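2 protein chains.
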Amino acid sequence: MAAISPQAVFIEKLAAIFPLGAAERTALENVPVKVVELRRGQDVVRQGDRPTRCCILFEGFACWSKVTKEANRQILGIHIPGDLPDLHSLHLSFMDSTLTAMTTCSVGYVKHEVVRDLCDRYPGIARALWRSTLVDGAIFREWVANIGGRQAYQRIGHLLCEIFVRLSAVGRVVDGRCRLPFTQSELAEAAGLSIVHVNRTLQEWRKQGLIELLSGQLTIPDLAAACEAADFDPSYLHFKDG
Amino acid sequence: MAAISPQAVFIEKLAAIFPLGAAERTALENVPVKVVELRRGQDVVRQGDRPTRCCILFEGFACWSKVTKEANRQILGIHIPGDLPDLHSLHLSFMDSTLTAMTTCSVGYVKHEVVRDLCDRYPGIARALWRSTLVDGAIFREWVANIGGRQAYQRIGHLLCEIFVRLSAVGRVVDGRCRLPFTQSELAEAAGLSIVHVNRTLQEWRKQGLIELLSGQLTIPDLAAACEAADFDPSYLHFKDG
DNA sequence: GCCCGGAATTAACATATGTGAACGCCCCGA
DNA sequence: TCGGGGCGTTCACATATGTTAATTCCGGGC
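Protein sequences appear in the order of chains A and B.
The end of the first sequence is residue 537 by our numbering, with every number in the run present.
The end of the second sequence is residue 537 by our numbering, with every number in the run present.
Bear in mind the hints are in silico, worked out from the structure with no lab data behind them.
Fair warning: there could be bad hints in the mix.
As the list makes no split between identical chains, a pair holds if one copy fits it or if it spans any two.
As the list claims (entries may be wrong) - Heads up, simulated EDC-like pairs for lysine to aspartate or glutamate below, C-alpha to C-alpha not over 20 Å straight-line: (1) K535 with E499; (2) K502 with D526; (3) K364 with E523; (4) K364 with D526; (5) K535 with D415; (6) K329 with D412; (7) K308 with D526.
Computed from a predicted structure; not experimentally measured.
Using the sequences provided together with the hints, build the complete structure.
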């Protein structure tokens with residue numbers, strides 16, 4: 296099968312965000328991208344770092360997290376293939392949280408100076424990248440609402456529905472099912488719950504037959520029903536947002 | 296005393312974010328700004344709206360919120376004088392949450408087309424505005440960490456420290472004290488706690504002598520001590536971030 | 001100066017969620 | 001084949017926080 300260049304993935308990602316012209320596409324094709332494989336648990340960037348590059352996540356799952364004083368880690372957001380997790384490093388000089396590979400990941404690094412130059416020369420690219428960071432912001436807002444305003448059952452459901460829908464948008468869902476190798480402990484850190492309670496809650500969802508997370512597979516047989524039960528409305532993801 | 300033009304406030308805000316050149320300042324001085332007074336409780340923009348303008352908050356407090364299915368409102372973030380709350384409406388076609396005046400507010404509206412044009416012509420302005428939205432994102436991230444990862448005592452303290460420090464940066468804190476006319480019910484909606492528990496928690500802070508919120512006045516006599524107790528580190532606000 | 005209503009406070013009680021610990025499963029490496 | 005470790009599961013129990021409701025406080029309007 297034909298190899299797909301990392302640049303092509305990048306271009307399609309941006310084009311999905313914002314229509315790109317021919318000149319912009321050409322410029323993007325020539326962007327140097329350094330592809331790297333990361334092992335599960337490796338940090339991409341750490342809180343306090345002053346990175347000189349940002350990345351695109353080609354394959355795998357990664358998450359942002361912070362550690363609070365009582366030494367528990369809170370996961371702030373999750374990234375899936377195709378995401379541009381740390382675009383904000385472009386204009387915030389240091390990292391306020393840590394990005395970690397949750398699985399084996401394949402990421403492509405692009406130098407800040409290259410991206411900045413692209414933005415200055417092509418306002419359309421700047422807009423697409425800016426918009427990408429704004430969608431990330433919208434997701435953080437929803438996480439605040441989810442963690443602050445919903446009980447454990449809906450909170451976990453909402454989280455899983457979000458990831459399911461986002462994975463679906465990049466073609467990772469087949470037959471109501473996708474790979475999602477998260478540990479219950481990670482889910483707990485993301486939802487702000489204890490492991491034990493996540494376990495109870497997942498079993499409740501399983502019993503209802505609406506959501507099943509088992510051996511690294513997430514199954515949602517009836518998405519509409521699950522969304523309803525989890526109080527999940529995907530509009531904040533700003534998909535076909537024109 | 297001399298009247299300060301709304302444009303001047305806008306320019307100083309942006310200049311604080313990112314150095315502006317003379318041409319950029321001149322361009323900003325000619326931006327048409329429509330100043331409007333809002334009463335407490337009035338919405339600036341509503342979830343689902345497709346605004347054609349964005350705003351700058353000159354005076355007063357405003358907050359983003361969403362309503363969850365069980366009909367409780369979750370406050371997602373708080374804006375103080377000088378903020379640009381809804382800049383993201385520039386590239387996200389509809390609002391995913393509602394911006395409401397928490398007090399009497401004075402806001403200035405600027406048309407999207409004007410801002411977009413400015414961004415296209417002055418990359419420096421585009422960068423400053425983009426950066427402003429990125430700082431908002433950083434604050435949302437911290438809110439996720441705060442609500443998901445801290446107990447009520449620290450959670451409330453963290454919230455109040457954040458607002459205190461931000462108000463301090465725009466000169467609203469005098470003698471360890473500033474105006475903060477929030478209701479305990481609003482605090483509860485922001486922290487994801489019940490009113491009663493917010494009350495208990497505020498009393499605990501008061502008893503410790505670290506934070507006092509009384510009759511619309513927030514007092515933090517020893518900021519360093521309060522930050523320590525609330526596990527608050529202001530770096531995520533990205534103030535002098537160079 | 002009095003009354004009204006929203007906000008703060010308090011109390012008693014209910015419950016969602018956390019904690020600690022034990023157990024079994026399963027994969028993997030020696 | 002055995003042993004170890006991570007992960008999921010379960011249990012009994014602890015506690016942070018929610019709920020309901022009554023009481024007090026306080027500022028604003030008449």
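Which numbered hints turn out to be false for this structure? Those not satisfied are hints 1, 5 and 7.
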